[in-house]
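Protein sequence lines correspond, in order, to chains A and B.
For the first sequence, this note's numbering gives the first residue as 25, with consecutive numbering after it.
For the second sequence, this note's numbering gives the first residue as 416, with consecutive numbering after it.
Be aware that a few hints might be false.
Taking lysine-lysine and the BS3-like style, the derived pairs with C-alpha atoms no more than 27 Å apart in a straight line are [claimed, not checked]:
id: 1; chain 1: B; residue 1: 679; chain 2: B; residue 2: 706
id: 2; chain 1: B; residue 1: 531; chain 2: A; residue 2: 55
id: 3; chain 1: B; residue 1: 531; chain 2: A; residue 2: 60
id: 4; chain 1: B; residue 1: 596; chain 2: A; residue 2: 310
id: 5; chain 1: B; residue 1: 572; chain 2: B; residue 2: 596
Which bits of chain B does chain A cover? Going by a derived footprint, with three or more residues having C-beta under 8 Å, they are [claimed, not checked]:
id: 6; region: 450-457
id: 7; region: 614-627
Looking from chain B toward chain A, a few residues come up when the C-beta cut is under 8 Å (computed) [claimed, not checked]:
id: 8; residue: 500
id: 9; residue: 503
id: 10; residue: 535
In case anyone wonders, no lab produced these hints; they're calculated from the structure.
Backbone N, C-alpha and C define an ideal beta-carbon position, used for all residues, glycine too.
What follows is the residue order along each chain.
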Amino acid sequence: MSIREKGYHPWSGTLIAKPHHWFPIVRFSIKQIYQKRFAKVLFAIELIPFLVFLFFSYILYIANRPDMAFVSLLKELPAEVKTLDYFFHSFYCFGTTVFFHYIILSLFCGSDLISADIRSNAFPLYFSKPLSPLDYLLGKFIALLFFLLLFSLVPGLLLLLLKLAFSGFDGISLRLIIGIVAFPLITASFMSLFTLWVSSLSSNSRWVKIIFFLFLFGLLSLSGILTGISGGDTRFMLFDISTNISQTGHFFFHVKSNIVASPWISVLILVFTAGTLFYLVARKIKRIEV
Amino acid sequence: MVMQAHIIELNNISYSYGSTQALSHVSMNVSQGVFGLLGPNGAGKTTLMKILMGFLKASAGHGTILGHTLSEDPRLFRQHIGYMPESDCLIPYTDAVNLTAYTGALAGMPWHEAIKRAHEVLYYVGLEDSRYRMVNTYSTGMKQRLKLATALVHDPKLLFLDEPTSGMDPSSRGEMLTLIKDIAKKAQMNIILSSHILADIEATCQQVYIMNRGELVTEKTVGEKALAIDARYRVRLQGDLDSIPDVMQSHLIPAEHAGHFQLKLDHSFDKNTFFKCLQDQGIQLREFIPKTETLANTFEAAIGENHEH
Chain A
25 MSIREKGYHP
35 WSGTLIAKPH
45 HWFPIVRFSI
55 KQIYQKRFAK
65 VLFAIELIPF
75 LVFLFFSYIL
85 YIANRPDMAF
95 VSLLKELPAE
105 VKTLDYFFHS
115 FYCFGTTVFF
125 HYIILSLFCG
135 SDLISADIRS
145 NAFPLYFSKP
155 LSPLDYLLGK
165 FIALLFFLLL
175 FSLVPGLLLL
185 LLKLAFSGFD
195 GISLRLIIGI
205 VAFPLITASF
215 MSLFTLWVSS
225 LSSNSRWVKI
235 IFFLFLFGLL
245 SLSGILTGIS
255 GGDTRFMLFD
265 ISTNISQTGH
275 FFFHVKSNIV
285 ASPWISVLIL
295 VFTAGTLFYL
305 VARKIKRIEV
Chain B
416 MVMQAHIIEL
426 NNISYSYGST
436 QALSHVSMNV
446 SQGVFGLLGP
456 NGAGKTTLMK
466 ILMGFLKASA
476 GHGTILGHTL
486 SEDPRLFRQH
496 IGYMPESDCL
506 IPYTDAVNLT
516 AYTGALAGMP
526 WHEAIKRAHE
536 VLYYVGLEDS
546 RYRMVNTYST
556 GMKQRLKLAT
566 ALVHDPKLLF
576 LDEPTSGMDP
586 SSRGEMLTLI
596 KDIAKKAQMN
606 IILSSHILAD
616 IEATCQQVYI
626 MNRGELVTEK
636 TVGEKALAID
646 ARYRVRLQGD
656 LDSIPDVMQS
666 HLIPAEHAGH
676 FQLKLDHSFD
686 KNTFFKCLQD
696 QGIQLREFIP
706 KTETLANTFE
716 AAIGENHEH
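Work the whole structure out from these sequences, hints included.
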């Protein structure tokens, strides 16, 4: 039987009256990213920081246990590893190491999220359905945030659980837990919105990647030049994204910073910039002609 | 929400892109069925569709669609509308099933229902064999069918089709028109079809709105219904023509030669009434030839008049 001979059958179901329109976008985007070529390889690589920190946490655990006859090992360990014995410092190191991975993940997962829709003129597909530009942006944002948090917040919480298993509650405080949750949330949100903003600037994903790096390294160079010509005024380093992320780590994990400016300023810079980027992307999407 | 007899009511809708007037005082009342928007490129058909979809806000005038005013949040009525745009608007590197289900989910269908329904509509539009293929590998005809499937998936009450046969070869075009007719018949869906191809409109629509330069130039009933309610004939009568009753005279337009008329029939005065009147008055009917006024004639006349203005 020819399939079309079946004819048209009206759908007997009921549309959800007040659906979360962003949710199908989140699910679809996550699925699309996961099905990308090399996604699984990249995600496996992204687990390396977690595995390294896990390994050193275990080394420190056994080195600190007198009953295991490894105490002498503690003396042999390099100073950098020994500092990981201090929980706040350990999570600060983990959090700031993840920034480099944010760049790779953001580019891999997020550079195409909006630019591909512009390229393929997919907006009528979205906006002929009952969703707003805000739903669209929220869907894309949560999808990217999911991957960034998957390799920052989730391993951070796992490390915390393992440290609890190794050392008990000794050295763990509410302040540390807040830091472990808030630091990746703020930094990943910032990176997601930055990536989405760059992604909304061009339909060409290669251009998106170039613009992304231009901003990243442009700001780094600017901060270096201004710090240099000001005779080493470290406050100018706050023009750089990575410095602000590192400073945010200093704020949440109470690790001493070499920069004169208070770390909370960087937290404000990231939050304010993230808000501005959200506004800019939302405006850009609203202005796209369907 | 206001209950309306018409699915679309427009009153003096205007829209301009900067200094270019795209729509000028368009008024129309669209009841249930299949309606065509016909006009040359740049006539304002797509702009009108975009206003009806809520993509653009009319700069003047007001209207309702499915009982909702155009000034309301368009999300309130978009759930019940399907839209097949003229341009390619498919998400690449995804298969047809997922894409169709995705658009269903965006309209508010539960995901498992959307997947099931996606298979059904893809079967229906004839993409059964290629539904797991990446959509970026599709031909133009297949993309058009897929766009129709994404517009149909949530079983809308009103379907907007913008140049549905654009870029299709004759055989695919014929299949697409058959599908549109089938949807209108079996799903009893209201369809607004925009096209600059007269044959497409004639083959599918019951009424057509002809647009030119942003204005609604004329409207015309087409197809079988047109023959039934708006038939014209060339007639030649012989006998005492002064005895023609008034009721019949209003349907007869005298031609150049004596005894020749143009007869216009409608619901109130059909063929049988005409014949009976002639019989009662003892007037002989010597000629009775259907006057074939095609959509092409109407279109050319309307566009020509509009150009002169």
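Going down the list of hints, with the structure as the test:
Note on residue 679 of chain B and residue 706 of chain B: the hinted pairing holds, with a Cα-Cα distance of about 10 Å set against a maximum of 27 Å. Proximity of residue 531 of chain B to residue 55 of chain A is assessed by CA-CA distance (about 18 Å); at most 27 Å being required, the pair is judged to hold. Our distance criterion of 27 Å between C-alpha atoms is met by residue 531 of chain B and residue 60 of chain A, whose separation comes to about 25 Å. Using a Cα cut-off of 27 Å, the hinted pair residue 596 of chain B and residue 310 of chain A is violated, with the two alpha carbons roughly 35 Å apart.
Our distance criterion of 27 Å between C-alpha atoms is met by residue 572 of chain B and residue 596 of chain B, whose separation comes to about 15 Å. Counting residues of the region 450-457 of chain B whose CB lies closer than 8 Å to any CB of chain A gives 0, which falls below the minimum of 3, so the coverage claim is violated. A stretch counts as covered by a chain when three or more of its residues have a beta carbon under 8 Å from one of that chain; for the region 614-627 of chain B and chain A the count is 0, and the coverage is violated. The restraint placing residue 500 of chain B at the interface with chain A holds, with a minimum CB-CB distance near 4 Å, inside the 8 Å limit.
Hint status for residue 503 of chain B relative to chain A: holds, with the closest Cβ pair at about 6 Å, below 8 Å. Interface hint status for residue 535 of chain B: upheld, as the beta-carbon distance to the closest one in chain A is roughly 7 Å, under 8 Å.
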